[in-house]
Structure formats: structure tokens, C-alpha cells
Amino acid sequence: GAGVSQSPRYKVAKRGQDVALRCDPISGHVSLFWYQQALGQGPEFLTYFQNEAQLDKSGLPSDRFFAERPEGSVSTLKIQRTQQEDSAVYLCASSLVGLDFSGANVLTFGAGSRLTVL
Amino acid sequence: AQSVAQPEDQVNVAEGNPLTVKCTYSVSGNPYLFWYVQYPNRGLQFLLKYITGDNLVKGSYGFEAEFNKSQTSFHLKKPSALVSDSALYFCAVSLRGGYQKVTFGTGTKLQVIP
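If you're matching them up, the sequences are chains L and Z in order.
Residue 76 in the numbering used here sits at position 79 of the first sequence, with consecutive numbering throughout.
Take any residue in the second sequence, count from 1 to its spot, add 146: that is its number in the numbering used here.
Any given hint could be a false lead.
As the list claims (entries may be wrong) - Below 27 Å or equal to it, Euclidean Cα-Cα: the simulated DSSO-like pairs (lysine-lysine) are:
| hint | chain 1 | residue 1 | chain 2 | residue 2 |
| --- | --- | --- | --- | --- |
| 1 | Z | Lys204 | L | Lys54 |
| 2 | L | Lys75 | L | Lys8 |
| 3 | L | Lys54 | L | Lys8 |
| 4 | Z | Lys195 | Z | Lys255 |
| 5 | Z | Lys204 | Z | Lys168 |
| 6 | Z | Lys255 | L | Lys8 |
Bear in mind the hints are in silico, worked out from the structure with no lab data behind them.
Just so it is clear, the structure is predicted and the values come from calculations on it, not from any experiment.
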């Protein structure tokens, strides 16, 4: 597609529910990132994929957070047993080449999925 | 660990005046530096980046930024602000060499007053 697509754009969950957020990166983009952006804050790194390999998951805040990209294209971020502190905008970004080549690659972001946990 | 500081939560400037949005960084190595802009209900959009070479980097929409290694700064500038420049601006840093994640600052809201 022309850009990075994320769905749903808005999600309201009751505390304790599981949620799944989808990211459709630009076709052919090797690198895919998930970021969490709390209200009034900058994006905080969650995890990084190069194709289907999850190379860095150091930013995932707890074992309730899980991300996958099984075929190296679409990615899903899953949050189990949601808590109020999980309320945030979850941003997905992709980049054409893998960061093995250069940390200077430009990221293309999706519009984000806003999660509200009641 | 790498980090970015944006000391101003908000910057107000009159339309037509020059604008500066400040950014300082901390890394243990040579950085790559970026500016991204975020409009309401939109994803972050790339403005410009510094890789190497000329310390003055020119980007989209007339924005530029100056890399200052001694002051570890990468301030965003524009000679003449437009009302349409009003948005949230994020500075970001990455390290050179292999896989390096991109770390963002907390953002600065730019308000251009007509």
C-alpha cells in the first residue's frame, strides 16, 4: 500500500480484556517497529522486527505484551489482561532496509491505534 | 544508553518570524539525528536527518537543523514561520553501526500565531 496502515484506529477495552492491534507496513519494507506513545509523551520503543525475525523486544513493558510478524509483512501487537496503564497510542513504523546497514534509515509511521482501558 | 532532551514543552512564535525548536542528545558514540513532525490524528512524518558531513541540514517545508557536536545539540530552525507549521515536533537519535533503535524526545508543541 501507499503508507503504513494500522487497525483499529480506536479501541476501548475493559480492564482484563485481551486486545490485538494490527500493522500493515509498506510493501517490501524489511524493518518494522512498534512504539508506545502515552499522552503528552514521545514515542517509547517497544520492539523491532527485521522481516519475520524479532531482533529486539527489550522495550516490551511486561510479559503481557507480545508481538509477531510471522510472514515478514503484517505484524500484530497483542496485549493480554489489559491494565489502565496500557492506555496509549500504539505506533507502528516501517523502513525499507534493515538496520544492519544503517541506523540512519527513515521510518514511515502509521496513524496509530489509540487504546483506552477502562 | 542514548537519550534526547527537548527542554521546551511549547514554543509560540508569530507568523513570519523565525522559529527555533531545541534539542540536545546524549549518546556514547557518533549519532544519527532526526526531526519528525506530528499533526493531530496523524502519524509522525520525517522532516530531516543528519548523518555526516555538513553540519547544516536542510529538510522538508523549509526547515533546517544544525548539528553541533561540542554542544550535543540539533536545533530545528525555519527562517519564517507559517500558521500551518503548528504541530508537535520530535527530535530523535540513533547510533551508527549495525542495528540501533531510534530514541525519541518528549516533543515540543509549536504554535504559530497569525
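Now for the hints, and whether the structure bears them out:
1. Z:Lys204 to L:Lys54: Not OK: Z:Lys204 and L:Lys54 at ~33 Å, beyond 27 Å, violated.
2. L:Lys75 to L:Lys8: Holds: L:Lys75 and L:Lys8 sit about 13 Å apart, inside 27 Å.
3. L:Lys54 to L:Lys8: With a Cα-Cα distance of about 23 Å, the restraint between L:Lys54 and L:Lys8 holds, given a limit of 27 Å.
4. Z:Lys195 to Z:Lys255: holds, 19 Å
5. Z:Lys204 to Z:Lys168: holds, 16 Å
6. Z:Lys255 to L:Lys8: Within the cut-off at roughly 26 Å; holds.
The structure does not agree with numbered hint 1 stated previously, though it agrees with all others.
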